[in-house]
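Q: Residues per chain are reported as follows:
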Amino acid sequence: MSEFLKSYLTVIVINFIALAWLIYSVIKNKKKTGESLKAALKVFIKTLPMIIIIIIFIGFLLGFLPPDMISRVVGEQAGILGVFVTAVLGSVLFIPALISFPLAASLLDGGASVMSVAAFITTLTMVGVVTLPLEIKEMGKKMTILRNVFSFVFAIIIAIIMGVIL
Amino acid sequence: MKPGEANKSNEKIKQRKSLIRDYIIMGAVIVLAASALFIFPDKSNAVLNVSKNYFIELIMILPAIMVIIGLFSVWVPKETVVKYLGKTSGIKGIIIAIALGMLPTGPLYIAFPMAAALLKKGAKISNIVIFISAWACIKLPQELVEIQFLGIQFTLLRLGLTVIFIIIMGIMIEKTIGFTDRKKIQVDENY
Chain A
0 MSEFLKSYLT VIVINFIALA WLIYSVIKNK KKTGESLKAA LKVFIKTLPM IIIIIIFIGF
60 LLGFLPPDMI SRVVGEQAGI LGVFVTAVLG SVLFIPALIS FPLAASLLDG GASVMSVAAF
120 ITTLTMVGVV TLPLEIKEMG KKMTILRNVF SFVFAIIIAI IMGVIL
Chain B
0 MKPGEANKSN EKIKQRKSLI RDYIIMGAVI VLAASALFIF PDKSNAVLNV SKNYFIELIM
60 ILPAIMVIIG LFSVWVPKET VVKYLGKTSG IKGIIIAIAL GMLPTGPLYI AFPMAAALLK
120 KGAKISNIVI FISAWACIKL PQELVEIQFL GIQFTLLRLG LTVIFIIIMG IMIEKTIGFT
180 DRKKIQVDEN Y
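These protein sequences, in sequence, are chains A and B. Numbering-wise (numbering that gives the first Met the number 0), the first sequence opens with residue 0 and increments by one. Numbering-wise (numbering that gives the first Met the number 0), the second sequence opens with residue 0 and increments by one.
Excised from the complex, chain B in its bound form:
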């Protein structure tokens, strides 16, 4: 076996181990949660209700998101991501990152695997941070609700400030990471 292949199979074993660990932790959390509900029976209705609602939302959204990530990883060439969100994408990259984040696509925890897929294909760290942040706080249908409840002035001011600060944050985080582990990023790029 060549050294490269050995590395690869090591990586696979490591991945499998962490997967098994995750499922064991999940099992433990479920058992703990069930016993906690047993101890506090008066709260169990409220807890189960909330979890049930999130679970239903998840079932309606998660398969679609996973299919999109799968299609993305196979169909979208690395060059395209680099061109639109990579090193030289500039202001265009920032605008695309914000636009992608704004699409009505579900809760934040779904953004992380998406962002990881984009990062792997060569997107810039600053754009990824901007993408995650925009996903978190500038969602198209949500903003209509915000205007309805908090007024147009509050909403526009908050959105304007948020856009400015997430761009600053993206650039600052990229600089910090680039400064502390320049070496590691270079290795990733070669890979």
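Chain A extracted, bound-state conformation:
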């Protein structure tokens, strides 16, 4: 796959779906289309402030903690305690997956354990401390806390199983 497709596949797919559905909607029923767009604008206005805040947060997080610094910290961790520390790091940080995989590969090459790397990648994606405010707003406090706590615990279990098998 070309580099271009890889980085823009998401953008292309999602915009294609939206556009196709929108065209279908206009053809089928203009009034319903208007209602849909109104609903879309409402959701947009409601979610925008949280998303802007999250983006600013991520900027500071990665601006002050560049990837090479993160990889040094994760690489130094060992044993069960190390798995726990990398899991916490993965929960707090917010790194796009396309960057996190090469980062993880370089960690493995550098001698980090499979367990730590698996814990790091899994919490990185599943547990989101940065996105907590938005998740609470949309899904409610109880579900958000349960989901993140369970995800954290299961990520560590997944990491340990992977460390034992690989």
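Hints may contain errors.
[What the hints assert, rightly or not] Listed below are the simulated SDA-like cross-link pairs for lysine to any residue, each with C-alpha atoms no more than 25 Å apart in a straight line:
1. A/136 - B/137
2. B/86 - B/120
3. A/140 - B/171
4. A/41 - B/17
5. A/140 - B/85
6. B/120 - B/60
7. B/16 - B/116
8. B/86 - B/74
9. B/42 - A/65
10. A/140 - A/47
11. A/141 - B/166
12. B/91 - B/72
13. A/30 - A/20
14. A/45 - B/19
15. B/51 - A/96
[Said to hold, decoys possible] Example chain B residues on the side facing chain A (calculated, C-beta under 8 Å, incomplete):
16. 42
17. 50
18. 66
19. 67
20. 74
21. 115
22. 136
23. 156
24. 161
These are calculated hints, taken from the structure and not from any lab test. Here a beta-carbon is modelled for each residue, glycine too, at the ideal position from N, C-alpha and C.
Starting from the structure of chain A, add chain B where the hints point.
A: The following block gives chain B in isolation, referenced to the frame of chain A:
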């Protein structure tokens, strides 16, 4: 004014208040961030660069996502969501939740409004948790990159385990929520 209408307008006022609060918080964060960059000028390039990249990604994805949520809320009848993701959807519901989450659709924070829309239309809590989790860690284009960098064995093992555990997690969270506020969920269903 009937009591129901009074309730509704109260709800509206509450929503407007929380909206205004959100925008005030956003303004405060922007001002704080700007002053922080002023204090640490050597970091400002890195911070602005990262934020800029995310902002561009957002602009390319967010409008489409919002249009899809809007179309979904108007066009997809409640019965359809209940049928495919609701109480009696069973294994089929789990598979659909995972498949929906796997589509290449952008970062996790966009999944939350989507999940809220599905929940409102009658999807089961376990399926919503599975949907969010699958969205978070099983993305189609991403997995190709994971295979490329971490190898097929690592990737498949991690994905297999993840699928098993997110299903267990979905069921456990649903049981926990159902156990602690059965009453509230019943009220929501009536609504």
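Q: Honestly, which of those hints from before does the structure not fit?
A: none
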